[in-house]
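Student: Line order of the protein sequences matches chains H and X. Under the numbering used here, the very last position in the first sequence is 374; numbers go up by exactly one each time. Under the numbering used here, the very last position in the second sequence is 353; numbers go up by exactly one each time.
Incorrect hints may appear among the rest.
[Claimed, not checked] Here are the simulated DSS-like pairs of lysine-lysine, each with C-alpha atoms no more than 27 angstroms apart in a straight line:
1) H/100 x X/149
2) H/324 x H/187
3) H/11 x X/258
4) X/307 x H/52
5) X/38 x H/126
6) X/258 x H/106
7) X/138 x H/324
8) X/149 x H/80
Since the hints were derived computationally from the structure, they do not count as laboratory data.
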Amino acid sequence: MKFVSEYRDPKAAEQLAAAIRKKVTRPWTIMEICGGQTHTIVKSGLEDLLPKEISLVHGPGCPVCVTPIELIDKAVAIAKRPDVIFCSFGDMLRVPGSSKSLFDTKAEGADVRIVYSPLDALKLAKQNPERQVVFFAVGFETTAPANAMAAWQANHEGIENFSLLVSHVLVPPAMEALLSSQNCVVKGFLAAGHVCTIMGFEEYFPIAEKYRVPIVVTGFEPLDLLEGIYMTASQLEEGRHEVENQYSRAVKREGNRPAQKTIAEVFEISPRQWRGLGEIPASGFQLKGRFQKYDANRRFPFEGVPAQESPDCISGLILQGLKKPHECAAFAVKCTPENPLGAPMVSSEGACAAYYHYGRRQNLQPELSGPASR
Amino acid sequence: MADAKTFNLSCPVPRVADDRIVLAHGGGGRLTHQLIEKIFIPAFGNPMLEQRHDGAVVPVNGARLAFTTDSFVVRPVIFPGGNIGDLAINGTVNDLAMCGARPLYLSAGFILEEGLEMETLRTVVASMQQAATNANVKLVTGDTKVVDKGKGDGIFVNTSGIGVIELNVPTEISPASVQPGDVVIVSGDLGRHGIAILSVREGLEFESPILSDCANLWPSVEVLLKAGIEVHCLRDLTRGGLATTLNEIASDRNVYIKLEEALVPVNETVQGACEILGLDPLYVANEGRFAVFVPAAQADAALEVLKKVEVSQGAVRIGRVEESPGRTVVLQSRIGGNRVVDMLSGEQLPRIC
Numbered sequence: 001m002k003f004v005s006e007y008r009d010p011k012a013a014e015q016l017a018a019a020i021r022k023k024v025t026r027p028w029t030i031m032e033i034c035g036g037q038t039h040t041i042v043k044s045g046l047e048d049l050l051p052k053e054i055s056l057v058h059g060p061g062c063p064v065c066v067t068p069i070e071l072i073d074k075a076v077a078i079a080k081r082p083d084v085i086f087c088s089f090g091d092m093l094r095v096p097g098s099s100k101s102l103f104d105t106k107a108e109g110a111d112v113r114i115v116y117s118p119l120d121a122l123k124l125a126k127q128n129p130e131r132q133v134v135f136f137a138v139g140f141e142t143t144a145p146a147n148a149m150a151a152w153q154a155n156h157e158g159i160e161n162f163s164l165l166v167s168h169v170l171v172p173p174a175m176e177a178l179l180s181s182q183n184c185v186v187k188g189f190l191a192a193g194h195v196c197t198i199m200g201f202e203e204y205f206p207i208a209e210k211y212r213v214p215i216v217v218t219g220f221e222p223l224d225l226l227e228g229i230y231m232t233a234s235q236l237e238e239g240r241h242e243v244e245n246q247y248s249r250a251v252k253r254e255g256n257r258p259a260q261k262t263i264a265e266v267f268e269i270s271p272r273q274w275r276g277l278g279e280i281p282a283s284g285f286q287l288k289g290r291f292q293k294y295d296a297n298r299r300f301p302f303e304g305v306p307a308q309e310s311p312d313c314i315s316g317l318i319l320q321g322l323k324k325p326h327e328c329a330a331f332a333v334k335c336t337p338e339n340p341l342g343a344p345m346v347s348s349e350g351a352c353a354a355y356y357h358y359g360r361r362q363n364l365q366p367e368l369s370g371p372a373s374r
Numbered sequence: 001m002a003d004a005k006t007f008n009l010s011c012p013v014p015r016v017a018d019d020r021i022v023l024a025h026g027g028g029g030r031l032t033h034q035l036i037e038k039i040f041i042p043a044f045g046n047p048m049l050e051q052r053h054d055g056a057v058v059p060v061n062g063a064r065l066a067f068t069t070d071s072f073v074v075r076p077v078i079f080p081g082g083n084i085g086d087l088a089i090n091g092t093v094n095d096l097a098m099c100g101a102r103p104l105y106l107s108a109g110f111i112l113e114e115g116l117e118m119e120t121l122r123t124v125v126a127s128m129q130q131a132a133t134n135a136n137v138k139l140v141t142g143d144t145k146v147v148d149k150g151k152g153d154g155i156f157v158n159t160s161g162i163g164v165i166e167l168n169v170p171t172e173i174s175p176a177s178v179q180p181g182d183v184v185i186v187s188g189d190l191g192r193h194g195i196a197i198l199s200v201r202e203g204l205e206f207e208s209p210i211l212s213d214c215a216n217l218w219p220s221v222e223v224l225l226k227a228g229i230e231v232h233c234l235r236d237l238t239r240g241g242l243a244t245t246l247n248e249i250a251s252d253r254n255v256y257i258k259l260e261e262a263l264v265p266v267n268e269t270v271q272g273a274c275e276i277l278g279l280d281p282l283y284v285a286n287e288g289r290f291a292v293f294v295p296a297a298q299a300d301a302a303l304e305v306l307k308k309v310e311v312s313q314g315a316v317r318i319g320r321v322e323e324s325p326g327r328t329v330v331l332q333s334r335i336g337g338n339r340v341v342d343m344l345s346g347e348q349l350p351r352i353c
């Protein structure tokens, strides 16, 4: 398949892997930010090709994983209202709240629907003028333009029965939070290619400089990741700490200006609660000015009980790259995709779910190492 | 800026035990299995049910009969490449074929919703008649119920079927016969039915439309048996797709199934749809594809006869069965890494058949 097969070519993969092996002389811990990258790494068995010196840790870039439990509870409460059609991307439905998930709520009779675009939710609002249509607007900078556009369109067309439950988060503040942590193990970053498609990568220069850490904007196919790892490892070996762009076929330095303009018109920067990480200042978006009337938080006031936490889940450590999923005692024992203790076990982009589905379970490792393995 | 000391590690309490049916219980994956293991097997368990095959093989006066049943709730009722009627006939015919049985007689039960357009029913019935004729089976008994408007969804169909295992089939065709050394063959490219349903449900348009692969598989099974191939196991790759089927077999037989991604056939449009939607073709449902396990020495002969039948002309070998580690399906990716292929977890696409 064109534009896909080229980036999964076995010969090119082996050449890149050989270049990485040749380059590295010391152990390096590299974090891929984005859950989509984690998914590719585990799905393609990419770690089998890497030298043992390279350790990949999986970052907080899974929107489903970092959406706070309080917000899931709020979504459930809104979805239960008989006048509401609650729309969400599919992944959010299985995430456990304090007592139930949106899927459970659907099973109990709530009108919860999976949509592929916020504009589909807006269409539903037009088709159902007597109902309130609420869209669960989660995601990083990548999904912000489409969500902003939905609010903008609703305003433009005067659609009043539509609102957004916003939980938008931003990558650079999360990277800074991780880097400023005392126990940070990360020596280099693969920045999330799709986020940079929208935002560009100028905002990473001060971070690379301040924390003296290489940041390589990286794509999502196996060869993209291998090349991103090669570029990061080269910087580390050579003592450089620069921002480089591996994903130049999609990412421009300045990003997508019209998309940024739409975001800036509809959203403003706000502090955000990150599940597993806590509150990070200036790390999210909220609706601003004349668009606040589309804020589901304001439209449906909700007094939640304080969220209950499971002591067995170590997702905070996993999202910081301090632990790997299979190092959790609950992993694949008490915590499975059917009965997740924490959000990283839910989404396909969650590190725990990726490890679970693709068999990165400690006990299978020895048998799984193929001939190409270290 | 939050620093390490202010990081508040948080996670939710475990979900309460499942106290209601969710859509994933019908998804053919892990929850369906839990339902079978925890509710149905304890209540109805007997040696024939515990074969856990697509149908039961029962001895009657020296003959071996295969018996199976299936219900169809697909939404929408009419989809690209077929409708609930084709599906209801071919689904049950294929369950019989997967037992190695020649399909003979079918029943049909209809649950109709008040207000269903007669024209829709006519279309469905005409397709059933055509599919039954093509498969050379007779619909010999049936039933009709009508439920109030809003209490059904247009039309649900149940079919049951009886077939006969002819005397020239020496081995038992069942997951229990799968052995290390067997080769895994699939009868054609994967994922067409699931993507066809998805395309109409989500209003997706492709340059070349994807039609359901819904088809009668008996002709392919018949040529295998007639050619004297030692068929160890046959499974149609419906809900949960290839991945779930292979996991069931690996788990039942405590064997290791090793696949090569580069060998698994997927049509380019289906692959494109899967890439966009984040689906894995290994898990997407098929209605006209099956996997067959044969001894390695007979793989070429099996492929040769399969390719001569239209419905299986795309047959290819995709992997092999080994001894250990048991209960595991592993796929070698295109770039040479390995990953475990797990059973479908949760619901990929409800009401696909």
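Student: Now tell me, hint by hint, if it's right for this structure.
Tutor: Okay, the hints, checked on the actual structure:
1. Using a Cα cut-off of 27 angstroms, the hinted pair residue 100 of chain H and residue 149 of chain X is violated, with the two alpha carbons roughly 31 angstroms apart.
2. Taking the CA atoms of residue 324 of chain H and residue 187 of chain H, the gap is near 16 angstroms; set against the 27 angstroms cutoff, the hint holds.
3. Note on residue 11 of chain H and residue 258 of chain X: the hinted pairing holds, with a Cα-Cα distance of about 21 angstroms set against a maximum of 27 angstroms.
4. For a cut-off of 27 angstroms, the pair hint linking residue 307 of chain X to residue 52 of chain H is broken: about 45 angstroms separates their Cα positions.
5. About 44 angstroms separates the Cα atoms of residue 38 of chain X and residue 126 of chain H, which puts this hinted pair outside 27 angstroms; it is violated.
6. Of the pairs offered as hints, the one joining residue 258 of chain X and residue 106 of chain H is violated, with about 38 angstroms between alpha carbons and a cut-off of 27 angstroms exceeded.
7. For the suggested pair residue 138 of chain X and residue 324 of chain H, the alpha carbons sit about 58 angstroms apart, so the restraint of at most 27 angstroms is broken.
8. At most 27 angstroms may separate the alpha-carbon atoms for a hinted pair to count; residue 149 of chain X and residue 80 of chain H meet this at roughly 24 angstroms.
Checked against the numbered hints listed earlier, the structure breaks hints 1, 4, 5, 6, 7; every other hint is satisfied.
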